[in-house]
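Work the whole structure out from these sequences, hints included.
Same order as they appear, the protein sequences are chains B and Y.
Okay, so the first sequence: first residue is 1 according to my numbering, each after it adds one.
Okay, so the second sequence: first residue is 82 according to my numbering, each after it adds one.
Hints listed in this document are in silico derivations from the structure and should not be mistaken for laboratory results.
Errors might be hidden in some of the hints.
Here are the in silico distance ranges between beta carbons for each label pair [what the hints assert, rightly or not]:
no.: 1; chain 1: B; residue 1: Gly75; chain 2: Y; residue 2: Lys656; range: 53 to 59 Å
no.: 2; chain 1: B; residue 1: Val39; chain 2: Y; residue 2: Arg137; range: 23 to 29 Å
no.: 3; chain 1: Y; residue 1: Arg233; chain 2: B; residue 2: Arg69; range: 45 to 51 Å
no.: 4; chain 1: Y; residue 1: Asp296; chain 2: B; residue 2: Gly75; range: 40 to 46 Å
All residues carry an ideal CB built from backbone N, CA and C; glycine is no exception.
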Amino acid sequence: MTPPAFERIRSIAADVLQVPAGQITLDSSTETLGNWDSVHHLNLILALEQEFDTQFDPEEIDKMTSMERIVEVVGRKVPPS
Amino acid sequence: MTIQELRQEIERLIPSGESAAASRVLAELWAQDSSASSASFVVARFEQLREKLNLRPYRLAILRSYTVEPMIPLLRAAAFIAGIDLTVQLSEFNAYVQEIVDPESLLYKFNPDAVILATQTRDLAPELWRDYSRMSAEQVQSSSSQITKDFRSWVRRFRTHTQAHLILHNFEQPGIPNRGLLDDQSNDSQRSAIEQINRELSSLAAETVGVYVLDYDALVARHGRLQWHDERKWLTMRLPMTAQNTHHLMKEWLRFLHPLTGKVAKALVVDLDNTLWGGVIGEDGMDGIKLSGEYPGAAYQELQGALLDLYQRGILLAICSKNNPDDAQEALRNHPGMLLEPKHFAALRINWIDKAQNLRDIAKELNIGVDALAFLDDNPIEREQVRSQLSEVCVIELPSDPMTFARIVRESPVFERLTLSAEDQQRGEYYQAQRERDELEQTITSREDFYRSLQQEAEIAPLTKGTLARVSQLANKTNQFNLTTRRYTEAQLMEMTSSGNAHCFSLRVKDRFGDNGLVGVAITRQAESVCEIDTLLMSCRVIGRTVETAFLSFLADQARKHGATRLEGWFLPTKKNAPAKDFYPSHGFAMVKEDATGSLWSKDLKADSCPCPEWVRLTVLNGDAQ
Chain B
1 MTPPAFERIR SIAADVLQVP AGQITLDSST ETLGNWDSVH HLNLILALEQ
51 EFDTQFDPEE IDKMTSMERI VEVVGRKVPP S
Chain Y
82 MTIQELRQEI ERLIPSGESA AASRVLAELW AQDSSASSAS FVVARFEQLR
132 EKLNLRPYRL AILRSYTVEP MIPLLRAAAF IAGIDLTVQL SEFNAYVQEI
182 VDPESLLYKF NPDAVILATQ TRDLAPELWR DYSRMSAEQV QSSSSQITKD
232 FRSWVRRFRT HTQAHLILHN FEQPGIPNRG LLDDQSNDSQ RSAIEQINRE
282 LSSLAAETVG VYVLDYDALV ARHGRLQWHD ERKWLTMRLP MTAQNTHHLM
332 KEWLRFLHPL TGKVAKALVV DLDNTLWGGV IGEDGMDGIK LSGEYPGAAY
382 QELQGALLDL YQRGILLAIC SKNNPDDAQE ALRNHPGMLL EPKHFAALRI
432 NWIDKAQNLR DIAKELNIGV DALAFLDDNP IEREQVRSQL SEVCVIELPS
482 DPMTFARIVR ESPVFERLTL SAEDQQRGEY YQAQRERDEL EQTITSREDF
532 YRSLQQEAEI APLTKGTLAR VSQLANKTNQ FNLTTRRYTE AQLMEMTSSG
582 NAHCFSLRVK DRFGDNGLVG VAITRQAESV CEIDTLLMSC RVIGRTVETA
632 FLSFLADQAR KHGATRLEGW FLPTKKNAPA KDFYPSHGFA MVKEDATGSL
682 WSKDLKADSC PCPEWVRLTV LNGDAQ
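The following block contains the structure:
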């Protein structure tokens, strides 16, 4: 079972990292996706902040280097709708 | 359609080769969703389409003291939608001085069309931003003058290495001055010190061709100084603003790109009922329509004020309205709430014909392309009809609330201009005189009698600093009567003529109805006995009245004086310059050769005198000064 925000996060990641959504799983990370460099990381963070209308702390941003961790941080900050 | 449906439609259109349709749906998607993820999607799709669309390539370099990476996909997406295929190069952080000073730098190797210098007060003048309350008046003075001195020297160095346009961000004011309320109780405030720097930057832009100021301070203030910053991202990632504000900075850059790339509207066609006034004149009558300084008529007066500002900027105004002409004319002439007057409109179509057809007619009457029109109408059905039948027209999207109309017009980047010539400011009057000329032509039967009755004077002068802005504008905007359609920036024109490699002449035409302004440009290069016409162009509003022949006769004279025996010139056909096609053959030139780009024409100056028509009085100002 995937967490509720996963689909939204995945489609944003697919756009920003320019990877087909089908290739992105909870295990995808900066290690497994070649496009996920520091510039794309920042773009991804900003896209997520806009989508979920929130602002992440620097500590959170440093941690959000895999889909699983992004889902976890977003889940904590944004109450499920 | 929902965003998801639009995306699916795009994914279907691209592989089936329907590029134009795909690009229209991409524009619709971007209008609904201009988020960062949408930007990446839009950019990736346009990259697949770019070969099949007629996009304007443009190279932009950004020199910066902070992180601008997240703005780049946003900017490229918005530029693609505007028809611009943007290649962006970013400098290293804080490397702008080396980039500008070193002629071998990556900046100059990139060969940019335009360069943005994106810096902020706290990077360039940290002391003025942070330590103001501890600084003496002398220290403030020396800091400020050092900064303006630096900018002057950077701009000078920049100009020696490139002709590119340069956009300078000016200096932001702090949200709360260092000295609190005290700051504004004296005339040596932090605010005035920063204002002083900004005034100096604007003077620098006014003095230097192709250098412009982006009012970063006003941009931040418009969106709220305290809402602009994201201190955490600044401290950890050197990104000074919030995610939302990256969009605002991107849009400000885009406002410059429109005039820089010529993606601008020359005329705005407006509807009347519920657009220029509230209500329907045919039903509500003169007393019933809403148009005054009070609510709700004030919204429409605000819009009329915005349109007057466009008129002053040289943008033509025209009316396209479904109405009984008598009702509408009565309101235009006599309603006390009208700020606009009949004389402000260059063309009127008040009838019951469909608007797409009327817009085609208006473009023809004004001698401009349909793609130079913008269209303002409160009725979404009319907008859709125009959009679907005339996709080149810039249709301005209006929400239902008229209180927003004026602001939307003011924010529209297609009306931006970076320089303003005397011709721009008087353009509306020229078109009014043209209407009178057309009426005269209809009452006179012979062409020659008509030419004589016009009493035309052609005044030719070498390029001067005073005419540079207008000459460059003509070189970049004239599409129809333009033999080679070579585009030159102001800086390139200056360089060409001051080096003596080329001669550049401008043509001003006057007649009994008034001054048409500076309407023609010619550039010639002479090598031994052959004088080549590099550029010959004229505004369409004077074509067909034989001044083009007068201009050519001057060029022939000039060439002869400098020892030439042949006058030569290329005709390079484009989609739009058919009006210039027969110019050389009809003036006794013979074709020398023809290739894929066009045809070269030549005239023997000894055998053929190339006279000036007797009904045009030719005046040459300092014709031999160059």
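- Query: Between glycine 75 of chain B and lysine 656 of chain Y, does the C-beta distance stay in 53 to 59 Å?
  - Reply: holds, 55 Å
- Message: Taking 23 to 29 Å as the stated bounds, is the beta-carbon spacing between valine 39 of chain B and arginine 137 of chain Y within them?
- Response: Once the Cβ atoms are compared, 26 Å apart, the range 23 to 29 Å for arginine 137 of chain Y and valine 39 of chain B holds.
- Task: Given the hint of 45 to 51 Å, check if arginine 233 of chain Y and arginine 69 of chain B actually sit that far apart at their C-beta atoms.
- Result: holds, 50 Å
- Task: State, for the Cβ atoms of aspartate 296 of chain Y and glycine 75 of chain B, whether the hinted interval 40 to 46 Å holds or is violated.
- Result: About 42 Å separates the Cβ atoms of aspartate 296 of chain Y and glycine 75 of chain B, which means 40 to 46 Å holds.
The structure is consistent with each of the numbered hints, conforming to all of them.
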